[in-house]
Structures are given as structure tokens and as C-alpha cells.
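Sequences and hints are given; from them, build the entire structure.
Residues 340 to 896 (my numbering) are what the sequence shown spells out, left to right.
Hints may contain errors.
As the list claims (entries may be wrong) - Dumping the calculated DSBU-like pairs for lysine-lysine here, alpha-carbon to alpha-carbon at most 30 Å:
| # | residue 1 | residue 2 |
| --- | --- | --- |
| 1 | K443 | K769 |
| 2 | K753 | K769 |
| 3 | K388 | K443 |
| 4 | K834 | K769 |
| 5 | K834 | K753 |
What the hints assert, rightly or not - With beta-carbon atoms standing in for the labels, derived distance ranges:
| # | residue 1 | residue 2 | range |
| --- | --- | --- | --- |
| 6 | E588 | R763 | 40 to 48 Å |
| 7 | A370 | G586 | 38 to 46 Å |
| 8 | P713 | S884 | 51 to 59 Å |
| 9 | P484 | A748 | 54 to 62 Å |
| 10 | S529 | G399 | 25 to 33 Å |
| 11 | R418 | Y718 | 17 to 25 Å |
| 12 | A738 | Q583 | 44 to 52 Å |
| 13 | S646 | F707 | 31 to 39 Å |
| 14 | S529 | R804 | 44 to 52 Å |
| 15 | R418 | R390 | 56 to 64 Å |
| 16 | R733 | S519 | 32 to 40 Å |
| 17 | N619 | R390 | 41 to 49 Å |
| 18 | A738 | P602 | 39 to 47 Å |
No lab work stands behind these hints, which were simulated from the structure alone. Every residue, glycine too, gets a C-beta built ideally from N, C-alpha and C.
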Amino acid sequence: MTLAQTATLAQQQAASNFARNLEALAQTQRALGRWLNEQLLELEWVFAKDRALSAQEPSGQWIGGCSLPRRVAQALLARQEVRGSTACFLAPPHAAALRVALDKLAAQQAIVAIVPDMRDLAIMLHCEDFADDIRASRLWCAAGPAWDVSLRSIFDDQEGLATPAQFIRTPDADPELIQSLISTAQAVFSQVHADRAARMQALVQSPAQRRRSPGTSFRLCVVAPMRFRLWNDIGHAMMQATQQIGGVETVVFDADSPTNSSPLALLKVASSCDAILTANTARTDLPAVLPESLPWITWITQPRIPSAALAATNDHLIVTDPALRDAAVRAGWPATRVCVGNWPEVQSAAPTARPAGAGCLAIITDTFPLDTPPDLMDYSSHGLLWEYIREELRHNPLALSHDIDGYLAARMAKINIAQANFPRARFIEKLIVPAYQQGLARTLLCAGLRVRLFGAGWEALDEFRPHAAGAVSQRQQLQDIAAASAALIHVWPFKISHPIDALGVPVLTAHRCRRAQDFVRSAQAALQGRPPAPAASSPQRLTGSLIASIVRNIAAA
Numbered sequence: 340m341t342l343a344q345t346a347t348l349a350q351q352q353a354a355s356n357f358a359r360n361l362e363a364l365a366q367t368q369r370a371l372g373r374w375l376n377e378q379l380l381e382l383e384w385v386f387a388k389d390r391a392l393s394a395q396e397p398s399g400q401w402i403g404g405c406s407l408p409r410r411v412a413q414a415l416l417a418r419q420e421v422r423g424s425t426a427c428f429l430a431p432p433h434a435a436a437l438r439v440a441l442d443k444l445a446a447q448q449a450i451v452a453i454v455p456d457m458r459d460l461a462i463m464l465h466c467e468d469f470a471d472d473i474r475a476s477r478l479w480c481a482a483g484p485a486w487d488v489s490l491r492s493i494f495d496d497q498e499g500l501a502t503p504a505q506f507i508r509t510p511d512a513d514p515e516l517i518q519s520l521i522s523t524a525q526a527v528f529s530q531v532h533a534d535r536a537a538r539m540q541a542l543v544q545s546p547a548q549r550r551r552s553p554g555t556s557f558r559l560c561v562v563a564p565m566r567f568r569l570w571n572d573i574g575h576a577m578m579q580a581t582q583q584i585g586g587v588e589t590v591v592f593d594a595d596s597p598t599n600s601s602p603l604a605l606l607k608v609a610s611s612c613d614a615i616l617t618a619n620t621a622r623t624d625l626p627a628v629l630p631e632s633l634p635w636i637t638w639i640t641q642p643r644i645p646s647a648a649l650a651a652t653n654d655h656l657i658v659t660d661p662a663l664r665d666a667a668v669r670a671g672w673p674a675t676r677v678c679v680g681n682w683p684e685v686q687s688a689a690p691t692a693r694p695a696g697a698g699c700l701a702i703i704t705d706t707f708p709l710d711t712p713p714d715l716m717d718y719s720s721h722g723l724l725w726e727y728i729r730e731e732l733r734h735n736p737l738a739l740s741h742d743i744d745g746y747l748a749a750r751m752a753k754i755n756i757a758q759a760n761f762p763r764a765r766f767i768e769k770l771i772v773p774a775y776q777q778g779l780a781r782t783l784l785c786a787g788l789r790v791r792l793f794g795a796g797w798e799a800l801d802e803f804r805p806h807a808a809g810a811v812s813q814r815q816q817l818q819d820i821a822a823a824s825a826a827l828i829h830v831w832p833f834k835i836s837h838p839i840d841a842l843g844v845p846v847l848t849a850h851r852c853r854r855a856q857d858f859v860r861s862a863q864a865a866l867q868g869r870p871p872a873p874a875a876s877s878p879q880r881l882t883g884s885l886i887a888s889i890v891r892n893i894a895a896a
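This is the structure:
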């Protein structure tokens with residue numbers, strides 16, 4: 340009988356995890372993999388009481404001192420929120436804690452784990468399969484007595500990996516150990532930051548930007564986040580528009596890769612190009628990162644207009660809506676450097692599946708509960724305002740017009756709340772918009788209409804659970820839903836253009852209706868095969884020819 344046949348399931352899983360992790364580390368941290376392979380582990384691999392793979396010492400003690408590692412990690416890290424692109428996990432007690440922390444991050448975020456004992460890291464890499472995270476540059480490990488040297492080498496080898504903006508630790512960690520790790524790690528990060536700043540200054544002052552000779556292609560750096568985001572798939576839209584531009588060579592910078600998260604990474608790529616194209620990020624957002632001699636084109640899909648005062652003389656804006664163009668000109672942008680480029684039409688592929696709710700009205704957006712946040716209870720007037728708006732939009736979502744600021748200001752005045760220091764963005768993003776969207780769904784469902792609710796969060800709300808159809812996580816899935824629906828419901832109370840109008844299917848826009856009865860009648864007509872007529876005209880879309888015209892202006896300047 341072979342060893343594999345006699346080994347327990349836990350032993351087989353531990354061996355498989357370690358092999359896969361070492362194979363992945365060979366691509367990212369080869370030296371670390373060699374050190375890990377030399378660790379001798381006299382352990383019994385077992386499944387813990389919460390079914391997480393773990394191990395016991397010969398004495399019978401659980402590694403990490405816990406028989407419920409996954410459950411405990413979920414409790415200890417429940418409030419973890421990483422805002423930057425990279426975080427540093429200090430002395431994770433178990434592989435389960437590292438797995439929980441990674442799973443709470445967005446796909447474009449990374450963790451650098453500091454594990455002072457190489458044996459501990461070897462155990463972790465037996466207990467969990469991190470291979471996909473390692474290959475995706477989402478997990479980096481500095482381990483062993485010389486972990487600080489390893490930490491420095493990570494950032495020297497990966498200049499595009501941003502230094503961590505915050506530390507992750509479990510509350511039960513040894514305070515003295517944690518403080519020692521923080522002190523040493525911060526010294527490493529400070530030195531990395533200083534070295535990178537010096538390199539950036541040298542590049543900005545003497546940019547590697549080439550001098551184009553006649554007959555050579557214009558090089559355009561396209562900063563495009565490539566992961567799908569529901570209703571904010573800007574990277575895909577930019578790539579679609581820049582696929583074929585005569586005489587222009589596009590250099591793609593995937594802003595979703597963790598190893599493209601540092602300003603130095605962007606500068607190194609962009610400085611070898613003749614211009615840069617980004618979405619919703621302009622020179623004012625990254626001051627002094629790129630030389631002023633490098634033209635910067637920004638595609639604006641949101642209401643915020645970048646500062647014209649901080650723009651260089653050959654910077655340009657492409658905005659999705661004529662109203663945004665007017666706003667940009669009022670803000671000081673020269674009219675000759677602002678043009679309209681709406682969301683490009685989606686190039687639909689043949690449907691891959693017929694989604695649930697075919698022939699129904701479809702609301703497609705993520706949502707969440709609207710309970711009053713506990714911290715607002717300390718400000719009784721703010722908590723009262725939250726509840727007032729939630730209940731008003733619950734019963735009458737059309738009380739909100741497309742003037743969100745005016746709506747909020749009027750409700751604040753009713754309760755005598757001052758404008759100064761008021762968390763306006765929080766109320767709009769976390770209350771008003773989702774309450775409006777839930778209110779529209781409720782209006783249609785109460786009228787007895789066939790409605791399916793696509794997106795994350797609907798299944799968690801009791802009244803909407805029977806109509807929830809699951810999260811939308813892929814482009815093709817979104818296109819399949821749109822193609823199979825009688826009509827899509829536009830549930831965003833903003834004036835500017837929205838990508839829902841680029842799907843090429845009937846769209847019912849709620850805020851064009853003055854009364855709930857009008858909204859319901861329009862929805863009934865759509866279900867009966869009489870969808871609303873498309874807008875008489877739509878703005879110029881973001882296309883290769885539009886970008887090419889801007890490139891010609893830049894080249895001629």
C-alpha cells in the first residue's frame with residue numbers, strides 16, 4: 340500500500356497545499372520557497388473543530404493554541420477594513436486568519452505578511468492553499484529571523500507594489516511583539532518610500548519620454564482597471580474604444596494589479612509614452628507624479644470635475660455628458676480641451692445562458708440594509724434625519740428628483756441641521772441612493788409586476804428575497820440579463836449619462852416620471868411589449884476616432 344493510500348485526508352490536503360504554494364512562490368519569491376522546503380515539521384495534520392485544516396504538536400497542543408481557528412479569525416477580524424492597496428499583517432496566528440484577511444480584501448488589494456518564525460509560515464502554507472493569491476500578487480511573505488531583510492527585498496524586487504498604508508493584527512497578539520514588528524517595518528517602509536521618491540524625482544526632472552521621429556507611432560499609455568465592476572466597467576470600456584486607433588500604439592497599464600499600485604510603477608510606464616489616458620483620475624489627483632510635459636487625457640464618468648488650475652497646458656478632458664462639459668468649462672477648463680465621449684456601446688456576444696427572470700423587468704444594482712449606523716446615534720439629529728429620509732423614500736421614492744443636493748439640504752433644514760461638517764457623501768452613498776433604489780423596487784413589486792432583482796445584497800433583505808436573482812460578477816452575465824429582460828429599470832437619481840444606456844436594450848428611467856402611478860404604467864407597458872422609446876439623441880460616445888482627434892491636437896501642439 341502506498342503512502343498516499345495510507346495517509347489521512349488531512350495529511351493529503353496539507354501536502355497538496357504546500358506543494359501548490361511552493362510552486363506559486365517559485366514565480367514570485369523563489370528564495371523564500373527554498374527556505375520553506377528545509378523546515379522539518381513534526382506535526383499531526385488534522386481538521387479543527389470548525390473544519391479548518393490545522394495541526395497538533397506532539398504534545399497534543401493545537402498550533403496557534405486554538406481548535407477553532409477559522410471561526411475565531413472571523414470574529415477577531417470582523418471589523419477589518421483596508422482602504423489602501425496594500426496592508427501588512429503582523430504575525431498572523433494561523434493560516435485561517437490570513438485566509439480570512441485576504442477574503443475581506445478586494446481583488447486588487449494585497450497583503451504583506453510578516454511571520455518572524457519560518458516554521459510558522461511553513462505550517463501556514465500547509466494549512467491553506469494560497470497559490471492563486473500568490474500568483475495574483477495578492478500575498479507576499481517576509482519570514483524568519485531576518486524578515487526585515489526579506490521585507491525590503493520584496494519592495495526592491497516589486498517596485499510597483501505600494502508600501503502598506505496600514506497594519507492588520509489580531510487583538511490577542513502579544514503587544515510587545517507587535518510593537519517591535521511595527522517599529523522595524525515602519526523603518527523599512529520609510530526607507531523604501533525615500534528611495535522611490537528619489538527615483539521618481541529623477542524621472543520627472545529628466546523624463547525617459549521619447550522624442551518621436553517622423554513616421555513613428557504615437558504611444559498612448561492607457562491606465563485601465565481590468566477587473567469587472569458592475570456599472571463601473573471603465574477599463575473594459577477604455578480598451579474597447581482604444582482597440583483600433585490608426586497611428587497610435589496603446590500601452591496598457593492594468594491599474595487593478597497590486598504590483599501596479601505604486602506611483603513609481605505608473606511613472607516608469609507613462610514616461611516612455613507620448614500621452615496618458617485615465618478614467619476619473621487627473622493630474623490634480625496625483626500631483627507631481629508625472630512630468631507636466633506629458634499630456635494627460637482624463638475620461639470623466641462622474642460628477643466631479645478635476646481642477647483646471649492644476650492642469651498642464653496640454654491636458655484634456657473627455658466627459659460622458661454635455662452637462663459635465665458645461666460644468667468643466669464653468670470650472671475654468673478651456674472649451675477646446677473638453678469634449679463629450681459617452682459610454683461606448685456594448686459589443687454584445689451571443690447569450691451564453693438564459694438567466695432567471697427572463698421576460699421580466701430587471702433592476703440591476705448591489706444593495707444593503709439601511710439601518711441607522713450606531714455612530715450616528717451620538718448625533719441625535721443626524722440619526723433622526725437618517726430615519727426620516729429612509730422612511731420617506733421607502734414609501735415615496737419619487738420624492739427624490741435628480742437634484743440630490745437640493746433634496747438633502749431641504750430635509751436638513753426641516754430638522755435644523757447645519758451644513759458645516761455634515762457627512763454629505765455618506766448620506767448620499769449609504770442612504771439616499773440605495774433607499775431610492777429599494778423604494779423603486781418596492782413600488783413595482785407592490786403593483787404586482789414581474790420584477791427580478793439582480794445584484795449582491797437583495798437576498799439579505801426579507802421583503803426582497805423572493806425576487807432576488809443573485810450577484811452579477813461577469814460582463815457576459817450582465818449582457819445576458821439585459822438581453823433576456825423586457826426592460827431594465829434605471830435606478831440612479833443623477834442627471835448625467837449612465838452605462839445602462841449603452842447596453843442596447845429598453846430602459847425605463849424612473850426620475851422622468853412625476854408620480855408613482857406614471858412609473859407603474861410605464862413598467863406595465865414594457866411588460867406588454869411596449870417599452871419606452873429611446874432618447875431622441877445621445878451624446879458622442881467614447882470611440883477610437885474621438886481619442887485619435889485629441890491625439891492629433893496633442894501631437895500638433
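### Task
Check each numbered hint against the structure and report the violated ones by number, ascending.
Hints 10, 15 and 16 are the ones this structure does not satisfy, whereas the remaining hints hold.
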